[in-house]
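Novice: Chains A and B are the protein sequences, given in the same order. Each residue of the first sequence is one higher than the last, beginning at 1 in our numbering. Each residue of the second sequence is one higher than the last, beginning at 1 in our numbering.
Note that these hints are calculated values from the structure, not bench results. Errors might be hidden in some of the hints.
As the list claims (entries may be wrong) - Distance condition first, Cα-Cα at most 25 Å in a straight line; then the derived BS3-like pairs of lysine-lysine: (1) B:Lys22 with A:Lys49; (2) A:Lys49 with B:Lys9; (3) A:Lys49 with B:Lys36; (4) B:Lys67 with B:Lys9; (5) B:Lys41 with A:Lys61; (6) B:Lys22 with B:Lys9.
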Amino acid sequence: AQSVTQPDIHITVSEGASLELRCNYSYGATPYLFWYVQSPGQGLQLLLKYFSGDTLVQGIKGFEAEFKRSQSSFNLRKPSVHWSDAAEYFCAVDNYGQNFVFGPGTRLSVLP
Amino acid sequence: DTAVSQTPKYLVTQMGNDKSIKCEQNLGHDTMYWYKQDSKKFLKIMFSYNNKELIINETVPNRFSPKSPDKAHLNLHINSLELGDSAVYFCASSQVMAGADSPLHFGNGTRLTVT
Numbered sequence: 001a002q003s004v005t006q007p008d009i010h011i012t013v014s015e016g017a018s019l020e021l022r023c024n025y026s027y028g029a030t031p032y033l034f035w036y037v038q039s040p041g042q043g044l045q046l047l048l049k050y051f052s053g054d055t056l057v058q059g060i061k062g063f064e065a066e067f068k069r070s071q072s073s074f075n076l077r078k079p080s081v082h083w084s085d086a087a088e089y090f091c092a093v094d095n096y097g098q099n100f101v102f103g104p105g106t107r108l109s110v111l112p
Numbered sequence: 001d002t003a004v005s006q007t008p009k010y011l012v013t014q015m016g017n018d019k020s021i022k023c024e025q026n027l028g029h030d031t032m033y034w035y036k037q038d039s040k041k042f043l044k045i046m047f048s049y050n051n052k053e054l055i056i057n058e059t060v061p062n063r064f065s066p067k068s069p070d071k072a073h074l075n076l077h078i079n080s081l082e083l084g085d086s087a088v089y090f091c092a093s094s095q096v097m098a099g100a101d102s103p104l105h106f107g108n109g110t111r112l113t114v115t
């Protein structure tokens, strides 16, 4: 079955530490891939996207993500987390126009 | 100059009532969506419209009826509200139906509480 998984429900990191949020998808071909962030009480904001070309994509707020076809993964990274990064993060795929499918989300907490 | 705006932000109502949520986008996008986010933050698409035409209608009870008077507006009307309808409802838009250059732009959500 086609799906998007985010294995980590909740991650806690210290401010200044590095971060990696995992995302895996199961589709026949490489879909378009996205990461969104949702701050408390807010809508979702696009962090970055991948559709082809360089497998390492840069986004806003210092985030980057790497597409690995062999692992069907699109993990999100940030070298140094800030307290304001505490939020819910969603990986999503655009299944060639069928619709956007979101993963279950990973909640990030940041310790001072 | 809000891109996707939805009203109201909060909606508290009793079971059995009928309510509407309005959404407007000023991005010139062709496609609009309604998503439901449950208490566990899981996002599920409900409907999508492309140029006022219904494209996606997931398995949503027919108590939910979307209406798109023009491509900048997509409203959601809910009849006979039930406790299980309590959730956050997000409106979103995209330039076209598909493509990586057509990501979703979200409103800030409407938190519906049915008592």
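Novice: Next step is simple, just say for each hint if it's right about the structure.
Specialist: Going down the list of hints, with the structure as the test:
This hinted pair does not check out: Lys22 of chain B and Lys49 of chain A have alpha carbons roughly 28 Å apart, beyond 25 Å. In summary, the hint linking Lys49 of chain A to Lys9 of chain B is not supported, as the alpha carbons are separated by about 28 Å, beyond the 25 Å threshold. For the given pair, Lys49 of chain A sits about 22 Å from Lys36 of chain B by alpha-carbon distance, which is consistent with the 25 Å threshold. At roughly 19 Å between alpha-carbon atoms, Lys67 of chain B and Lys9 of chain B fall within 25 Å of each other, so this suggested pair holds.
For the proposed pair Lys41 of chain B and Lys61 of chain A, the alpha carbon gap of about 22 Å is at most 25 Å, so the pair holds. For the suggested pair Lys22 of chain B and Lys9 of chain B, the alpha carbons sit about 10 Å apart, so the restraint of at most 25 Å is met.
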